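Numbered according to the numbering used here, the sequence shown spans residues 1 to 199.
There's no promise every hint is true.
Have a look at the derived ranges for each label pair, beta carbon to beta carbon [stated by the list, open to error]:
id, residue 1, residue 2, range
1, Pro91, Gly130, 35 to 45 Å
2, Phe79, Thr149, 31 to 41 Å
3, Thr67, Ser153, 21 to 31 Å
Just so you know, these hints were derived from the structure itself, not from any lab. Note that the structure is a prediction, hence the values are computed from the model and not measured. Where a beta carbon is used, it is the ideal one built from N, C-alpha and C, also for glycine.
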Amino acid sequence: MFERILEILGNLGLPGVFAGVFLEAIGLPFPGSVLVALVGFLSKQGEFNIIIAWLVSLLGYLLGSLTAFMLGRYIGEPFIKKWGRYIRLTPERIDKAQELLQKSALVYVIGGRFVPTVGNITPYVAGISGISIASFLIYDMVHAVLWITTFLSVGAVLGSEWHRMVDNPWLKWGAIGGGLLILVYVFRDFIPVRSKNRV
1 MFERILEILG
11 NLGLPGVFAG
21 VFLEAIGLPF
31 PGSVLVALVG
41 FLSKQGEFNI
51 IIAWLVSLLG
61 YLLGSLTAFM
71 LGRYIGEPFI
81 KKWGRYIRLT
91 PERIDKAQEL
101 LQKSALVYVI
111 GGRFVPTVGN
121 ITPYVAGISG
131 ISIASFLIYD
141 MVHAVLWITT
151 FLSVGAVLGS
161 EWHRMVDNPW
171 LKWGAIGGGL
181 LILVYVFRDF
191 IPVRSKNRV
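I would like the entire structure built from these sequences, with the hints used as guidance.
Okay, structure coming up:
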């Protein structure tokens, strides 16, 4: 897998980074975390400018997420439930995700994308739910910054050992845990603001 991704990056360069992250963001089964970590490693070797690679990754992720969000918003739930199985969007998973999103869109969109099997359906469910596009983009950008920065840094800092860490489930759960801690802090301050606004 690593060799194949390396070949893609060698042939396509930054457009390949954009395309790979875009596929990850719309929920297709693509190893986006591995791709981003490899880009970090290659940046350390001088193959990419890490700032430009970060920006390209962010743009690809946001456009992919927005595409999935718009499909959920304008194509609608019946169509997604009928055909979504091809990208692992089963009716049961959509229903469960909608329940979680109703509790807190902020926590679901930012934190949910870190969770395996939940992350790839998040933008579709957000689009179906009726959440505003502005709110979705803000929450999605927070997640994208956390995700891209984490795995770019892993590749750049760990060098040739990066692939062992990306495959290590502790890193993924560490990223999830770190993201959730941030969410808890943000959400804790968010609740009083909403309560005051209601008074």
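For which of the previously enumerated hints does the structure constitute a violation, in increasing order of number? Violated: hint 1 alone.
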